[in-house]
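K.L.:
Using the sequences plus the hints, can you model the full thing?
One letter stands for each residue in the lines below.
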Amino acid sequence: MLSSQIKSNEIVFGSCNKDLLEEIIFYGIGLGADFVEIFIENTDNSSVLAEEDFITSVSPSFGRGAGIRIFKDKKDGFVSTNDLTKIGLMRSVSQAIEMLDITDKKNREVFNGLNKHRDYSLSKKKWIDEVPSIHEISEKLLVSTKSLKKNNKIITRKGSYSRNLQEVMIASSDGTYASDIRLHQTVGLNVIASDAQYRSSGSRRFGSSGMPNEFRLWDHEKAANDVFESSMNMLYADYVDAGQMPVVLANKFGGVIFHEACGHLLETTQIERGTTPFENKLNEKIAHESVTAIDEGISEGSFGSLSVDDEGMEPEKSVLIKDGILKKFISDRAGELRTGHKRTGSGRRQNYSFAAASRMRNTYIAKGDYSKEDLINSISDGLYCKSMGGGSVGATGQFNFAVEEGYLIKNGKLTNPVKGATLIGEAKEVMPKISMCGNDLELAPGFCGSISGSVNVTVGQPHIKVDSITVGGR
Amino acid sequence: MNSKEITTQISEVADSLNLKKWDYGASFSNDYSVQVDKGEAKQLKASQKQILTIRVWNESNLVGITTTSDVSKSGIKKALNQANIASDFGNKNESTEFSPLAKVPIKVNEVKKRIPVGIKKLLTLLREAEVKLIESHESIKSVPYNGLTESFFERVYANSDGAFRSYSKSQAALYLYARAEEKNNKPRSSGSVKLGYGVEDIDIESCIREASNKTISHLKYSSIKTDKYLICFSPESFLTIINAFSSMFNARSILDGVSLSNKNSIGEKLSTKALNIYDDGLHEKNISSSPFDGEGTPTKRLCLINKGKIENYIHSESTARIFKTIPTGHAGLGSKVSVSPDWIVVEKSDENYDLKTSLDHSTYEGEFVYIEELNAIHAGVRASQGSFSLPFDGWLYKNGTKISIESATVAGDIKYLLKNIVNIESNQEVTTSGISPHIWVDELSITGDA
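In order, the protein sequence lines correspond to chains A and B. Residues in the first sequence are numbered consecutively from 0, following numbering that gives the first Met the number 0. Residues in the second sequence are numbered consecutively from 0, following numbering that gives the first Met the number 0.
The set of hints was computed from the structure by calculation and includes no laboratory data. If you're wondering where the values come from, they're calculated on a predicted model, not measured in any experiment. Positions of the beta carbon are idealized from the N, C-alpha and C atoms, including for glycine. What you were told as hints is all true, and nothing was included just to trick you.
To give an idea of the chain B side of the interface with chain A (calculated C-beta under 10 angstroms), a few residues:
#1 Lys44
#2 Gly63
#3 Ala78
#4 Gly89
#5 Lys119
#6 Pro143
#7 Arg178
#8 Pro186
#9 Thr225
#10 Val257
#11 Lys335
#12 Ala410
#13 Ile445
P.N.:
Below you can see the structure in the form of structure tokens.
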């Protein structure tokens with residue numbers, strides 16, 4: 000490396016910034032901080048939208064910034080800035096110190112300098128050159144939207160692509176010093192179908208991390224067929240009758256039920272707030288014995304995978320629930336400090352302007368022994384939720400999520416399509432009712448919005464049966 | 000660099016790149032926020048942020064765009080270069096131009112900018128608020144979601160035709176969501192949000208009182224039988240519904256085929272003659288008001304529904320040109336310009352003779368469901384299909400008593416809802432998203448217990 004870079008008075012991406020980072024951390028520790036963390040980010044993003052047979056939007060963006068977090072006892076102060084000069088970063092440290100009103104200069108921890116640089120980006124520096132060009136993306140999106148034009152009932156066709164390239168550097172007073180490059184690509188198709196007073200929509204989204212070539216391999220024909228078929232099936236569907244009933248949730252994005260209903264309640268941020276019913280349930284049964292649930296950040300190419308979390312820790316595979324017994328919480332640095340649950344490599348944030356928090360990564364229910372048909376055959380009167388929409392969880396643990404494509408189950412067989420269904424419940428009541436898990440586990444990408452912004456996640460599960468749940472309808 | 004210097008910088012770099020036509024929007028902000036946990040500071044946050052969005056027009060008059068947080072000279076040059084490259088992929092089917100109203104003089108009220116009180120003062124105020132809220136009732140055990148923030152920002156729009164608009168203002172927000180627990184009952188949670196131009200403008204006592212009263216009022220609860228009910232929407236919940244289906248008045252959504260309306264829907268009867276709906280971004284009660292939109296068009300009051308009929312759509316420059324009208328001040332700034340409402344105002348018109356005025360939420364003794372707050376809008380609304388199925392907080396009023404409803408959803412169709420409005424109460428209430436009276440709707444489906 001060049002000596003001019005070492006002595007730089009500004010963060011330089013792609014260079015060693017160790018001396019500058021150490022100087023800033025020493026500065027914070029000298030002012031009385033127990034812990035200092037610097038998160039630096041450089042982004043290069045791009046998105047393309049195709050509508051009908053035209054490209055209607057191309058939106059590149061780039062940016063850079065730093066998030067500086069100071070802990071004193073169990074309090075933390077967080078400052079974000081676009082100013083990556085030494086003066087700017089030191090000003091941010093001073094601001095955080097001042098916010099915390101630190102007068103006691105004694106530190107709990109000693110800073111002995113940064114450890115050896117863990118550079119996870121070495122094999123990823125060419126990704127920016129390997130991802131498809133705007134021209135290539137546009138051409139494939141237009142072919143995709145053309146494939147959606149299968150009959151005159153399709154009145155709206157959209158294809159969208161988004162690419163986020165994020166270069167990060169994490170340094171903290173426990174010696175952590177890591178760098179990484181992350182690449183996320185998503186592509187989605189949407190249609191609206193209409194016939195007289197009837198309307199329906201269909202959508203599918205695909206996503207990957209760390210795979211520059213993935214968009215080129217995307218099977219747009221299959222995706223277009225799925226979206227078209229879904230919208231046609233739902234076009235003349237009746238509204239579902241509301242009530243309590245057994246449901247079978249499809250694999251892949253069906254896993255949103257676990258994500259919303261239970262996953263969020265296993266994040267240590269919920270323990271900190273006192274808003275999870277599972278706080279004191281470690282090693283106790285909280286779900287049916289057929290349920291084993293996992294959160295991990297290591298599946299190659301999955302949308303929620305990462306080489307290192309936003310606090311510089313390598314992600315682990317966390318078995319959250321084993322045969323119905325609660326085994327672990329999803330924890331970040333603040334979570335460990337405030338709740339005692341060990342970090343799991345789950346400290347995540349949307350960007351530099353958010354402090355990291357305990358967040359899910361690839362979260363799924365493990366596969367069981369049953370076939371999809373076994374589950375459906377076991378129900379005489381219920382609902383099959385083939386495709387799920389979004390969902391949310393409230394402050395007291397109640398959740399809900401929309402069913403995008405649903406079918407009635409009568410006497411063990413799928414019958415009429417139904418629309419307008421919403422699944423409503425509370426985690427601790429529903430988890431014990433997941434009585435059967437299929438053998439067809441699959442994952443699906445998504446975005447999760449919470450305390451530290453919107454992060455890429457994967458939800459997943461095999462087909463599962465919930466013995467009884469409230470279905471909102473008409 | 001300040002906004003004038005950025006404009007000069009963009010102009011110079013654009014000249015060097017032979018880019019003759021450009022515009023930009025920028026925002027510069029400083030935000031401070033605190034959260035507390037049982038009397039202790041939990042997280043204190045400060046952020047300094049700058050966002051710059053530049054559009055350029057190439058020789059074929061196609062538009063390219065780039066957004067960046069790097070407003071250094073090199074950042075601006077890179078942004079212009081990227082926008083220029085992106086313009087090769089500009090939309091050939093729908094052109095974008097400068098707003099014809101981008102240089103119309105507007106009055107910008109600078110009085111609304113307050114002096115920062117600082118993190119320590121924010122922390123002291125929030126700590127006191129948390130203590131008072133917890134002490135307000137023995138069942139309130141914590142305030143898990145709380146925050147007090149103050150923000151100071153400047154927004155700018157400028158273009159190569161000489162338009163330059165800028166305004167700066169301050170804003171503060173307090174939110175308190177309490178959690179109450181009683182033995183043998185489920186925990187219940189509710190809260191309150193207050194906005195002001197500065198912290199001194201926020202009525203903290205009223206926020207505490209509202210959060211406490213709302214939370215306590217849900218302590219005794221019961222499930223509700225799944226059925227159709229007479230509904231009274233609170234001002235907040237009715238505004239939530241109208242905002243969720245605002246694509247009915249949105250010219251962009253109409254052109255994109257995702258609206259329930261079409262180009263010829265102006266004049267279509269949607270509701271009782273007693274209903275008027277306006278979008279009024281400059282309303283004096285709108286703390287978040289902005290004097291101009293992303294394209295520099297002045298913000299204005301616009302009638303959306305007049306005596307039950309669709310009166311106007313909200314527009315950007317390009318949608319207005321297609322509809323042969325003028326922009327309405329509702330545009331964003333993007334590669335594809337979005338359009339969105341500012342501040343919805345719901346009123347009772349003077350043709351209100353068909354209303355059932357005996358329906359008053361404070362005096363009516365018959366059975367009805369009062370919907371206080373609708374939740375999970377992103378999951379339960381199908382704007383392009385007109386349907387909704389939404390969880391809510393509310394009460395069942397029956398035989399002169401009220402009881403909080405345990406976990407239920409209301410479902411229906413927006414056109415059905417608007418057509419079945421049976422009363423619009425007289426008193427309007429100001430909320431964080433607009434102004435509305437209580438609205439009564441007949442026969443909507445509620446899902447509770449089977």
